[in-house]
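Asker: Each chain, letter by letter, is given below.
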Amino acid sequence: MKLDVAHILDWMEKANDKIQQNKTYLTSLDQAIGDGDHGINMARGFQEVIGKISASDYSNVSDLLKDISMTLLSKVGGASGPLYGTAFLKMSMALKDSDSVDYPQFVHAMEEALQGIKQRGKAEKGEKTLVDVWETLLEQLKEQDDFDSVRFEETAKLAMESTKELEAKKGRAAYLRERSIGHLDPGSVSSYYIFSSLSDVVKESV
Amino acid sequence: MKLDVAHILDWMEKANDKIQQNKTYLTSLDQAIGDGDHGINMARGFQEVIGKISASDYSNVSDLLKDISMTLLSKVGGASGPLYGTAFLKMSMALKDSDSVDYPQFVHAMEEALQGIKQRGKAEKGEKTLVDVWETLLEQLKEQDDFDSVRFEETAKLAMESTKELEAKKGRAAYLRERSIGHLDPGSVSSYYIFSSLSDVVKESV
Amino acid sequence: MKKIINDPNSAVQDMLDGFVAAYPNDVKRLPGTTVIARKDAPVTNKVGIVSGGGSGHEPAHAGYVGEGMLDAAVAGEVFTSPTPDQVFEGIKAVDNGAGVLLVIKNYTGDIMNFEMAAELAEAEGINVKQVVVNDDVAVEDSSFTTGRRGIAGTVFVHKIAGAKAAQGASLEEVQAVAEKTIQNVSSIGMALTPCIVPAAGTPSFELKENEMEIGIGIHGEPGIERKEITTADEIAVELTEKVIADLGLKSGEEVAVMVNGLGGTPEMELFIVNKKVNQLLSDKGITIYDTFVGEYMTSLEMAGCSVTLLRLDQELKTLLDAESKAPAFRR
Amino acid sequence: MKKIINDPNSAVQDMLDGFVAAYPNDVKRLPGTTVIARKDAPVTNKVGIVSGGGSGHEPAHAGYVGEGMLDAAVAGEVFTSPTPDQVFEGIKAVDNGAGVLLVIKNYTGDIMNFEMAAELAEAEGINVKQVVVNDDVAVEDSSFTTGRRGIAGTVFVHKIAGAKAAQGASLEEVQAVAEKTIQNVSSIGMALTPCIVPAAGTPSFELKENEMEIGIGIHGEPGIERKEITTADEIAVELTEKVIADLGLKSGEEVAVMVNGLGGTPEMELFIVNKKVNQLLSDKGITIYDTFVGEYMTSLEMAGCSVTLLRLDQELKTLLDAESKAPAFRR
Ligand SMILES: Nc1ncnc2c1ncn2[C@@H]1O[C@H](COP(=O)(O)OP(=O)(O)O)[C@@H](O)[C@H]1O
Ligand SMILES: Nc1ncnc2c1ncn2[C@@H]1O[C@H](COP(=O)(O)OP(=O)(O)O)[C@@H](O)[C@H]1O
Ligand SMILES: [Mg+2]
Ligand SMILES: [Mg+2]
Ligand SMILES: [Mg+2]
Ligand SMILES: [Mg+2]
Numbered sequence: 338m339k340l341d342v343a344h345i346l347d348w349m350e351k352a353n354d355k356i357q358q359n360k361t362y363l364t365s366l367d368q369a370i371g372d373g374d375h376g377i378n379m380a381r382g383f384q385e386v387i388g389k390i391s392a393s394d395y396s397n398v399s400d401l402l403k404d405i406s407m408t409l410l411s412k413v414g415g416a417s418g419p420l421y422g423t424a425f426l427k428m429s430m431a432l433k434d435s436d437s438v439d440y441p442q443f444v445h446a447m448e449e450a451l452q453g454i455k456q457r458g459k460a461e462k463g464e465k466t467l468v469d470v471w472e473t474l475l476e477q478l479k480e481q482d483d484f485d486s487v488r489f490e491e492t493a494k495l496a497m498e499s500t501k502e503l504e505a506k507k508g509r510a511a512y513l514r515e516r517s518i519g520h521l522d523p524g525s526v527s528s529y530y531i532f533s534s535l536s537d538v539v540k541e542s543v
Numbered sequence: 338m339k340l341d342v343a344h345i346l347d348w349m350e351k352a353n354d355k356i357q358q359n360k361t362y363l364t365s366l367d368q369a370i371g372d373g374d375h376g377i378n379m380a381r382g383f384q385e386v387i388g389k390i391s392a393s394d395y396s397n398v399s400d401l402l403k404d405i406s407m408t409l410l411s412k413v414g415g416a417s418g419p420l421y422g423t424a425f426l427k428m429s430m431a432l433k434d435s436d437s438v439d440y441p442q443f444v445h446a447m448e449e450a451l452q453g454i455k456q457r458g459k460a461e462k463g464e465k466t467l468v469d470v471w472e473t474l475l476e477q478l479k480e481q482d483d484f485d486s487v488r489f490e491e492t493a494k495l496a497m498e499s500t501k502e503l504e505a506k507k508g509r510a511a512y513l514r515e516r517s518i519g520h521l522d523p524g525s526v527s528s529y530y531i532f533s534s535l536s537d538v539v540k541e542s543v
Numbered sequence: 028m029k030k031i032i033n034d035p036n037s038a039v040q041d042m043l044d045g046f047v048a049a050y051p052n053d054v055k056r057l058p059g060t061t062v063i064a065r066k067d068a069p070v071t072n073k074v075g076i077v078s079g080g081g082s083g084h085e086p087a088h089a090g091y092v093g094e095g096m097l098d099a100a101v102a103g104e105v106f107t108s109p110t111p112d113q114v115f116e117g118i119k120a121v122d123n124g125a126g127v128l129l130v131i132k133n134y135t136g137d138i139m140n141f142e143m144a145a146e147l148a149e150a151e152g153i154n155v156k157q158v159v160v161n162d163d164v165a166v167e168d169s170s171f172t173t174g175r176r177g178i179a180g181t182v183f184v185h186k187i188a189g190a191k192a193a194q195g196a197s198l199e200e201v202q203a204v205a206e207k208t209i210q211n212v213s214s215i216g217m218a219l220t221p222c223i224v225p226a227a228g229t230p231s232f233e234l235k236e237n238e239m240e241i242g243i244g245i246h247g248e249p250g251i252e253r254k255e256i257t258t259a260d261e262i263a264v265e266l267t268e269k270v271i272a273d274l275g276l277k278s279g280e281e282v283a284v285m286v287n288g289l290g291g292t293p294e295m296e297l298f299i300v301n302k303k304v305n306q307l308l309s310d311k312g313i314t315i316y317d318t319f320v321g322e323y324m325t326s327l328e329m330a331g332c333s334v335t336l337l338r339l340d341q342e343l344k345t346l347l348d349a350e351s352k353a354p355a356f357r358r
Numbered sequence: 028m029k030k031i032i033n034d035p036n037s038a039v040q041d042m043l044d045g046f047v048a049a050y051p052n053d054v055k056r057l058p059g060t061t062v063i064a065r066k067d068a069p070v071t072n073k074v075g076i077v078s079g080g081g082s083g084h085e086p087a088h089a090g091y092v093g094e095g096m097l098d099a100a101v102a103g104e105v106f107t108s109p110t111p112d113q114v115f116e117g118i119k120a121v122d123n124g125a126g127v128l129l130v131i132k133n134y135t136g137d138i139m140n141f142e143m144a145a146e147l148a149e150a151e152g153i154n155v156k157q158v159v160v161n162d163d164v165a166v167e168d169s170s171f172t173t174g175r176r177g178i179a180g181t182v183f184v185h186k187i188a189g190a191k192a193a194q195g196a197s198l199e200e201v202q203a204v205a206e207k208t209i210q211n212v213s214s215i216g217m218a219l220t221p222c223i224v225p226a227a228g229t230p231s232f233e234l235k236e237n238e239m240e241i242g243i244g245i246h247g248e249p250g251i252e253r254k255e256i257t258t259a260d261e262i263a264v265e266l267t268e269k270v271i272a273d274l275g276l277k278s279g280e281e282v283a284v285m286v287n288g289l290g291g292t293p294e295m296e297l298f299i300v301n302k303k304v305n306q307l308l309s310d311k312g313i314t315i316y317d318t319f320v321g322e323y324m325t326s327l328e329m330a331g332c333s334v335t336l337l338r339l340d341q342e343l344k345t346l347l348d349a350e351s352k353a354p355a356f357r358r
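Residue numbers (the numbering used here), protein chains in the order written: chain A, 338 to 543; chain B, 338 to 543; chain C, 28 to 358; chain D, 28 to 358.
To be clear, the hints were calculated from the coordinates, so they are not data collected in a lab. All figures in this text were calculated on a predicted structure; none of them were measured in a lab. Watch out, some of these pointers could steer you wrong.
Heads up, simulated SDA-like pairs for lysine to any residue below, C-alpha to C-alpha not over 25 Å straight-line [stated by the list, open to error]: (1) D:K66 with C:Y316; (2) C:K344 with D:V47; (3) B:K459 with C:D317; (4) D:K29 with A:S365; (5) B:K403 with C:T60; (6) D:K55 with C:D317.
Covered stretches of chain D, going by a simulated chain A footprint (3 or more residues, C-beta under 8 Å) [claimed, not checked]: (7) 199–207; (8) 221–229.
Taking CB as the label site, the calculated pair distances span [claimed, not checked]: (9) D:G228 with A:E515: 42 to 52 Å; (10) A:I518 with D:K352: 44 to 54 Å; (11) B:G463 with C:G275: 27 to 37 Å; (12) D:R253 with C:E268: 29 to 39 Å; (13) C:R358 with D:E206: 27 to 37 Å; (14) D:D112 with A:E504: 45 to 55 Å; (15) D:G312 with C:N52: 15 to 25 Å; (16) A:M338 with D:E236: 56 to 66 Å; (17) B:K459 with C:V70: 49 to 59 Å; (18) D:E236 with C:E268: 35 to 45 Å; (19) C:G275 with D:G174: 50 to 60 Å; (20) B:K540 with C:V70: 57 to 67 Å.
Idealized CB from N, CA, C, for every residue including glycine.
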């Protein structure tokens, strides 16, 4: 399959639904080891994304991803805003002028996005940030040559859950040191929602 | 009987004991319709009175009452400090140079004390202040020609209890208007302790 | 009760020491007293201004001691008027022959203690006058003989009387301008939570999670009316309308605004209230000459705020603008 | 949650409006943004200074906008860094060719958003430099790559960089003195209660009636260590000793002291803490040049305080003393 503009629009709708539904949950995760705003930030940002992209027409995936990126950048704030903003910006750049995205292109876009996140946040895998989900997913994606919505979702979920046992080394949770162990990383959970939404899109379109 | 220096010392000891025991109760009464410091104020003041008068020798009642007055004036604060301070000052002045106090002298001293309180506080009987206890007691004292410790205590108690149904017109409780009804006036309760202590002194010395 | 203190009984003493430690070049504590005075008191040829009251209202009253404002502030125990002997020490320390004005908030205890101090001072030949601030419009019952309480509007009286005294005015002139300020200032407060007197250890009243108290005083005493909590805008309108009505303010008049936090309210909320106060006054054509948002007259850790308006004329504007070096009111 | 607000989603907007309403002659809000700037921005021939961060720290950051301090403050949502586009608007509004210094508190979010804004500004030819304040000594683990947080010490950086810029110094000079301030300032905080982010509606952590949290940040996040509550003196000693050790302060050195309230603590308690801080420093022969007690960098209605020390030399003293017209830091 190929991801086109409609797929990405659908992806964002689904991601927004999940985030709105889990706004309080995400916030409570951030209260435990951060400052209690992650759900609020993500809900505000994705609501704005939906507002923005549903009011425009897109002829290619790159322009759509760029608008998503810019909206996240200017509406989420905090640490997650620049990170998700950068991720979608890098995807947009990697898919310049593509009106749809095949599997290798998608993997390439994910690779660029991850590089962007890591550069912006200076985090590595294993530091209990959303990098853990993105990098684990990318590793899994590279092992295959086409979309596998089930494995994709499972991998994201496992990666998200694996953050529970980690000690945070980046972001606010890092100030808690060993007290951060035993709690899920909020950004990894929101990343999981984003990717499980994408998995649903893929599943439904096969 | 006559009240002498030893009686007054005993009176203050007993009054202080009652006030210390009921410090929290007096404060809680003041929390309900005032600012929650009456027990604290009275306990601080009477403790200081005991400290002061037990460190000195007194040859007459007037000097002793003057020291009590000055200590209350400079240690109680709030509304009750100047009122009790004035009351004991007026008693001291009324009993100038007396080394002991007979019944008519005592009634006269109480009369002067009440006038002092009313002048200082500009309150009349029925306004839910300690004037209610002092004036009712004076009326009862005037009906007799010698100490009657039982009636004295009973009268003070009834007067104190009668403040419950009144609406405050003076002092902080007045700001609550009809919401002040149903609560005892803290100053009337502390006055009751002072007079029931005096009643005990009289009872024990007969 | 959770407080950063050593001992409820030493809280006021420790605070006064900590205050002088913070501003050692500006103020002094009169030894053995609870009086904070200007370091250079008594100031030659200047009317002295003394205020004070119970503690727990910080930065009132010591924070207003300084050039252009108070000469001395007398602190009582928490929410308890200071005693006459302490006030008397304050008066003596600031008098240099030009006389002393006492700025008293209208509470029975304050009035009685300050009046007794004034009697003591007069007996020593000091010329003492007094003004009684009664800006709280919460209780408007005319049958109400105790009169209104003094709350945050007192700070404006300190400022204006202090500026007048700094100009070298006579005691009568300073008293007159303080009276004029009192005639033209009104306030009302509200609270979301009670506060805890350290020595008591328990709150003076309870409020449910959805309740607020309107017409609250500054001593942890209950207010005039308890009702369901509403929006900042509605609260601002209710408070401001009461104050406007009391002052009889009309379009074209000029005011100073004070949105005062009671101690536990985030400054964010005070600015949210100020937005609406400002809008309401503008809508009515009342000109805002100056605005003061912050904690000026508090009630320990109580969450809540008060709104004060001061009607201004040219004289009051000039005096309000005059320099002040008081730590809590720098101009 | 009891708050005087209209709507959690409009709290920051309402606050900014209320802030400008309070100081209309001194500041302006850039239309359509969350930026508060000096009314006269951009100031000719002066390096612009921009700071900001999440809201909920009032009077930080808008309260420090004014002659002698910041040129603009950029507000995010409560405890959430402002976004790059907003910071970029702030930078553009204050640059007049002399360049702009960004004063950033060391949080991943702040760093990333401000850095992206700097990239945008540089792309438009604006000369931007930045300093990162990391005064919080709570986390001292050297393996700790994220680095220390920025807390109340930031206010001193604002003051000193602002004074330097007001003297007409170059961007490099202003950056250098800001760096020097950062090298010489340390802080640590403690809390008795958590706070509630309006949009969350629940406290971020719970503390028992006998517990306090040491090493607390200013975003309602838990601290470094939870323990039984103790006396003001012991708290003051614990905090101050940590800061002294971190700065390596020695007898004969001079410092400025800040005892900062986190929002819900009565000023009385701050002065009680200051008494002990002052004593401890004096006992160690460390000279206190100036003291600041009050609410400078808060965390909504959190009860607690922080202690900040700034080591001073002649240059820093002069800059600290320089005039400031910022509403929350008048000198
Ligand atoms: N340096 C970083 N690199 C990658 N991800 C990070 C970094 N710092 C924080 N994050 C992610 O951001 C999430 C927190 O986002 P959010 O709560 O919205 O912002 P903030 O921490 O500024 O309040 C964390 O759970 C973590 O996944
Ligand atoms: N004007 C007054 N005249 C007589 N008694 C008064 C007056 N005002 C207050 N009181 C008495 O003082 C008591 C309160 O004392 P206290 O709580 O110590 O002082 P404050 O009211 O200043 O906090 C009241 O219960 C009342 O009995
Ligand atoms: Mg967060
Ligand atoms: Mg009382
Ligand atoms: Mg009292
Ligand atoms: Mg945040």
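Asker: The structure should be examined with respect to each hint, and the outcome stated for every one.
Answerer: Quick rundown of the hints versus the structure:
1. Taken as a hint, the K66 of chain D and Y316 of chain C pair is honoured in the structure, with Cα atoms around 17 Å apart against an allowance of 25 Å.
2. This hinted pair checks out: K344 of chain C and V47 of chain D have alpha carbons roughly 21 Å apart, not beyond 25 Å.
3. Of the pairs offered as hints, the one joining K459 of chain B and D317 of chain C is violated, with about 39 Å between alpha carbons and a cut-off of 25 Å exceeded.
4. Distance hint between K29 of chain D and S365 of chain A is fulfilled; the C-alpha atoms sit about 19 Å from each other, no more than 25 Å.
5. The straight-line distance between the Cα atoms of K403 of chain B and T60 of chain C is roughly 22 Å, inside the 25 Å bound, and the hint therefore holds.
6. Pair hint K55 of chain D plus D317 of chain C holds up; C-alpha atoms about 16 Å apart against a cutoff of 25 Å.
7. Chain A is given as covering the region 199–207 of chain D, and this is violated because 0 residues of the stretch bring a CB closer than 8 Å to a CB of that chain, at least three being needed.
8. Counting residues of the region 221–229 of chain D whose beta carbon lies closer than 8 Å to any beta carbon of chain A gives 4, which reaches the threshold of three, so the coverage claim holds.
9. At about 29 Å, the beta-carbon gap between G228 of chain D and E515 of chain A misses the expected band of 42 to 52 Å.
10. For I518 of chain A and K352 of chain D, the Cβ-Cβ distance of about 48 Å falls inside the hinted range of 44 to 54 Å, so the restraint holds.
11. Taking the beta carbon of each, G463 of chain B and G275 of chain C are about 34 Å apart, inside 27 to 37 Å as hinted.
12. For R253 of chain D paired with E268 of chain C, a C-beta distance near 46 Å fails the hint of 29 to 39 Å.
13. Distance hint check: the CB atoms of R358 of chain C and E206 of chain D are about 33 Å apart, consistent with the given range 27 to 37 Å.
14. Separation of D112 of chain D from E504 of chain A is about 34 Å and departs from the stated range, judged on CB atoms against 45 to 55 Å.
15. Taking the beta carbon of each, G312 of chain D and N52 of chain C are about 20 Å apart, inside 15 to 25 Å as hinted.
16. A C-beta distance of roughly 59 Å is found between M338 of chain A and E236 of chain D, which places it inside the suggested range of 56 to 66 Å.
17. One distance hint, 49 to 59 Å for the beta-carbon pair K459 of chain B and V70 of chain C, is violated here, with the actual separation near 35 Å.
18. Against the hinted window of 35 to 45 Å, the Cβ-Cβ separation of E236 of chain D and E268 of chain C comes to about 40 Å, which satisfies the hint.
19. In this structure the supplied range 50 to 60 Å holds for G275 of chain C paired with G174 of chain D, their Cβ-Cβ distance being about 59 Å.
20. Judged by the Cβ atoms, the range 57 to 67 Å given for K540 of chain B and V70 of chain C holds: they are separated by roughly 58 Å.
This entry does not satisfy hints 3, 7, 9, 12, 14, 17, going by the numbered hints stated previously.
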